[in-house]
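Novice: If you read the protein sequences in the order shown, they are chains A and B. For the first sequence, our numbering begins at 3 and goes up steadily by one. For the second sequence, our numbering begins at 3 and goes up steadily by one.
Hint data in this document are derived by calculation from the structure and do not stem from the laboratory. Every clue listed holds true.
Using 16 angstroms as the maximum straight-line C-alpha spacing, the simulated EDC-like pairs for lysine to aspartate or glutamate come out as follows:
1. A:K352 - B:E284
2. B:K352 - B:E313
3. B:K352 - A:D307
4. B:K352 - B:E284
5. A:K352 - B:D307
6. B:K352 - A:E284
7. B:K164 - B:E141
Label-pair ranges, simulated between beta-carbon atoms:
8. B:P305 - A:N80: 35 to 41 angstroms
9. A:S165 - B:D307: 51 to 57 angstroms
10. A:V214 - B:P305: 21 to 27 angstroms
11. A:F189 - B:P325: 43 to 49 angstroms
12. A:T246 - B:D307: 34 to 40 angstroms
Ideal placement from N, C-alpha and C gives every residue a C-beta, glycine not left out.
For reference, the chains in residue letters:
2 protein chains.
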Amino acid sequence: MTALPLGSTIGILGDGQLGRMLAGAAARLGFDVVILGPGDHSPASRVAAHAIQADYTDKDALAEFSVRSDLVTLEFENVPVSALNMLLDMGATVHPGPKSLEICQDRHFEKSFARETGVPTADYWVVDSVDDLRAAMRELQGGGILKTRRDGYDGHGQRRLKSGDDPITVYGDLDGVPCILEAMVPFAGEVSVVLARSATGEIKAYDPAENVHTNGILHTSRVPARFDEAVLKSAQSAATQLITALGHVGVLACEFFVLEDGGLLLNEMAPRVHNSGHWTPEACLTGQFEQHIRAIAGWPLGPTDRLFDAEMENLLGEDIYKPLAPGDMVTLYGKREARAGRKMGHVVRKT
Amino acid sequence: MTALPLGSTIGILGDGQLGRMLAGAAARLGFDVVILGPGDHSPASRVAAHAIQADYTDKDALAEFSVRSDLVTLEFENVPVSALNMLLDMGATVHPGPKSLEICQDRHFEKSFARETGVPTADYWVVDSVDDLRAAMRELQGGGILKTRRDGYDGHGQRRLKSGDDPITVYGDLDGVPCILEAMVPFAGEVSVVLARSATGEIKAYDPAENVHTNGILHTSRVPARFDEAVLKSAQSAATQLITALGHVGVLACEFFVLEDGGLLLNEMAPRVHNSGHWTPEACLTGQFEQHIRAIAGWPLGPTDRLFDAEMENLLGEDIYKPLAPGDMVTLYGKREARAGRKMGHVVRKT
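Isolated chain A (complex conformation) (with noise of 0.2 angstroms):
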């Protein structure tokens, strides 16, 4: 692997706000982007060198992407496999590549991978059918979510379902799609590590951060969480370990239940850059964007250090409107419509 020559077209799959972020870091290093993506007038693409408007799997589009690209990756862990594939048959070079998506888009792929790596998860049964879901609620002690396996965001695509529900009403909710059935954990709260590995195999984790959820959604994450060292530095061990493991090349973003003994369940990963790092660009001497973009250079990795406590609050909706306090450092999308819950902007404090 060498690196990446200075003034390279990276080219991104994927036109939201990461995809944005990550062409800011790509630019302050210097390389042009061109990004590929189905949306009008998208976030990523207003800041690109170039931007193709086409879906993930257009062929010709695929041909044109790989043609200006020096280098592909990825702000979208839905991208289907099958366009990474074309893409490396065209000859590209793709970071991060399938394995990490095929593992981190499935929840039974993930959950199993994580068990084998020796990183535990909550109990799971996988669920494919109505006598599935009714053999597993069956095993199931207390209460338990069932999770669509694929296409699963922000709590979309999950149940929550209690032992006198009707496996027939439960599964129909959700569409009867391959799923799993999660058991509930009794967690004292959540932590994700995000963390980079190179091209040339050197890792980096940033602090893990404490994340809380409101309605599925990301709400604030913060640093330092608030658990104990020998937790936090578990976490990032376990985060390591996943990486490795998947060989994964660029940021990837660890979800970990964190138990009233202060044991670690792995929750899920995404093979990107994260919600819950985006306090890093401001706190950090290097942010998850700029550490991702020199990850899939092979370039060195920037150094990670923490320079102040902080925390970041998503902008949700019309959240964009409330005027800045003073210290408030806040970064927009350029998204044009302020729908309710829509992430559109998110704002970093020194605490």
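Assemble chain B onto chain A, guided by the hints.
Specialist: Quick look at chain B alone, frame taken from chain A:
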């Protein structure tokens, strides 16, 4: 003055690295950017929603630029004042306005403005002819520097002279254009104050940086500067007087000579973000590029607290091919040719 609405488009006159970094900051605040400048594949055009490649006085181009922009600013102080006036005639809002350019584009206007404002400068004489120069050289004690009144940068348009020099030859070296003869000042160092004044009148200054030039080009800026606190406060106070008297909106940089006795003389002002403020995005809660956007948008200025001691080093020409040291925070400008002496990027280090 109402604040610039979210999602507005900011037009930037100038397409170099300062425009590129301003565009990045504007994007982080959710704005779209349109660039007007003469360059082909220019650094700023490749990170903007739209770019118009044209000369600054191209009326059709200015008309398109004006229609596309909700607010116009600049990254280059030698944009012709006539271009700003055309934009104003077209109904554009322009920050900073023509007064800042008129004064900062001309060394005589700049120095006489500073003196009227109560900020001292080196002794100087206006030179419009060989006779003027001969007379000025008679009055000059010690060495002097003949400088063109306009269009000087990075040591260009300057010529040192001694008492025995022939005025005809010396003036001919600068093509007989309007000049000033400036007395050489025995200074202990140079500091610059980068500060912003918002459209609402709010002012915030960064810590003064100590600058070291090599061959007339800025080499390093360091904070804190190694002068007494009283000297630094006095530089900030003089800069505040100047930005207020100018009625400037946006970032202004004021360079001062520091004399052996701690006295300050204004060297020059730049009505824009400045190379000697390139340490601010890494070392401060709000960097100069975001501060400029906040100022012109009429948003509250961001906190300028410095988080650590820092040094900024310019990367000229092939400097960009040197390997990064651990801890080097690098910004590269995406210029396609690494010509000798050309500003290609910079590094910020925590010291």
